[in-house]
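Go ahead and model the full structure; you've got the sequences and the hints to work with.
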Amino acid sequence: MNAVVSRAGFLTTVQDLGRSGFRQFGVSSGGALDLHALRVANLLVGNQPSLAGIEITFGGLRLYFEDDRVIAWCGGEFDVRVGSTSVPAGHACLVFPDKEVKFDPPKIGCRGWLAISGGIDVPFVLGSRSTDLRANFGGFRGRTLRDGDLVPLGKISKATKILTEKLREEKIARWSPPHGWSNSAKPEPVLRFIRGHDWNRFSSSTLQRLTSETFAVSPDSDRMGVRLDGPELHASENVNFWSEAVAPGTIQVPPSGKPILLLGDCQTIGGYPKIAHVITVDLPLAAQLRAADQVRFREVWPGDAHQFMLEREHNLEQFRRGLEVHFK
Amino acid sequence: MEITPLGDSALIVRVRESFAEAPEEALNAVIGTQYRLENAQLAGVIELAPAYTTVAVFFDPTRVVSAGAKPNGVFDWLAERIRYELRNANEICRDRIETSLVEVPVCYETEFALDLDEVARHAGLHWKEVVDLYCSAEYRVHCVGFTPGFPFLGGLPGKLATPRRDIPRKEVPAGSVGIGGAQTGIYPLKSPGGWNVIGRTPLRLFDPRKNPPALLRAGDRVRFRAITRDEFEKSRR
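So the sequence lines, in the order shown, correspond to chains G and U. For the first sequence, numbering that gives the first Met the number 0 assigns the number 0 to the initial residue and increments by one for each residue that follows. For the second sequence, numbering that gives the first Met the number 0 assigns the number 0 to the initial residue and increments by one for each residue that follows.
These are computed hints drawn from the structure, not numbers from a lab. Treat the hints with care, as some may be off.
As the list claims (entries may be wrong) - Here are the simulated lysine-lysine pairs, BS3-like style, with alpha carbons at most 30 angstroms apart:
no.: 1; chain 1: G; residue 1: Lys257; chain 2: U; residue 2: Lys169
no.: 2; chain 1: U; residue 1: Lys169; chain 2: U; residue 2: Lys209
no.: 3; chain 1: G; residue 1: Lys157; chain 2: G; residue 2: Lys170
no.: 4; chain 1: G; residue 1: Lys257; chain 2: U; residue 2: Lys189
no.: 5; chain 1: U; residue 1: Lys69; chain 2: U; residue 2: Lys127
no.: 6; chain 1: G; residue 1: Lys98; chain 2: G; residue 2: Lys257
no.: 7; chain 1: U; residue 1: Lys209; chain 2: G; residue 2: Lys154
no.: 8; chain 1: G; residue 1: Lys106; chain 2: G; residue 2: Lys185
no.: 9; chain 1: G; residue 1: Lys170; chain 2: G; residue 2: Lys185
Structure below.
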């Protein structure tokens, strides 16, 4: 059975939790830019958290299914409708074959993640179903979705079958995750960071600028990275670097002084000074940044970054257990 | 040996301070380090990524904590284990390192050699001399990156070093062999690029359906062989 794409929208791709093991060959980790949102959406529909879903950028997506499917979405402030019924973020919703699912452009943020029961059943390439747009492989034929695509869906789990019966009356589930998980976009977010290897190559007044001033997102931003306008951060000495590994969250500063915050599709290596790294739990906020958005940065200790991550994993596990009652 | 965080889920092991002075030695030490850490199978480590003087160790902090690290001491716990595995650092470059010698056929005909004349002019050589000199050297993969499978090669004869183009091309064809400063490399995929293109190989440098997906990995040795247009077409089939 398929999802039928009537309108693909601005930039819509198949993504799962990304690739690992191939960085040494220059292959990006990729995957949903907000891994947490995709995991939550998958859990809501009774999928394994690692199943592939759809990443929507700026909306415009319209699709329907060839059989009954349960959907859930998380991300920016999109207006999502099934037929004429509004479906809020974080609520599982039963969709019949004649109903169209529609994502209108978001009021805040720019990306959303849609999980469909059974997941998107495209082949694994290098251990993942994620679309690599730089090298054009993985996902649906290595590319963004287009109008008219028939996207194969996986088999529905036993859990989802039970959930489907429970939703047959009211269609939309009453339960939902914490609001911040399902609605991950914030206006003027503050991204927390830990120091980068080249922190000390910047003067204290430059570092002060990083932590106290506001940056604006440049239109020249994509899944590889968010380019930031505003205060320029020049390193105090000009050093020639041999390239070394970079990662999603890395803030690197090219000679222009305009920092680039790297996201999931970033290259595996970079030769610019690394001033800081946005912590993993704040990458969902970074994934929502769009042109002209204002963003600020705040330093935390590495131990805090790990503590936040452990708490979030713990809470996600609690949430997963809490959901089990709906699948029995 | 410096070990520093690369965000909250990776550490960078700085195996050597500099690269240019002794690339062979630095590269052997880096590959040896990667090899040792691979065999160590440290708890929570997901993958290793070598590049010039460093090896990046990507890990899952929650698994490192499950393995015994304190939540506020994840980096220290892992760094200590990395240091332990890399004790006797002097012996590391002598570890048996498996690298292959790969011959890369290249067609240098005008149609593919977009900047061969520029390289020849810069070197003060005839274009045929450039090709002969280029094919006479042995190269080594210093790093793979930029795009999937892109090898940064060291070993370019000094005379052939040519600055990057002032304005990068929006699209360099897949298989293009280029010179960028003192380095040379091969574009596995159609991509933007600023290197001087001197020829094209029919080989596929990156194939996501294969494992490993890249023809070359850091440490491999490379030789180039000139082929005719006919040979180019034949080997593409």
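Checked against the structure, which of the hints given earlier come out wrong? When the structure is compared with the hints, numbers 5, 6 turn out to be violated.
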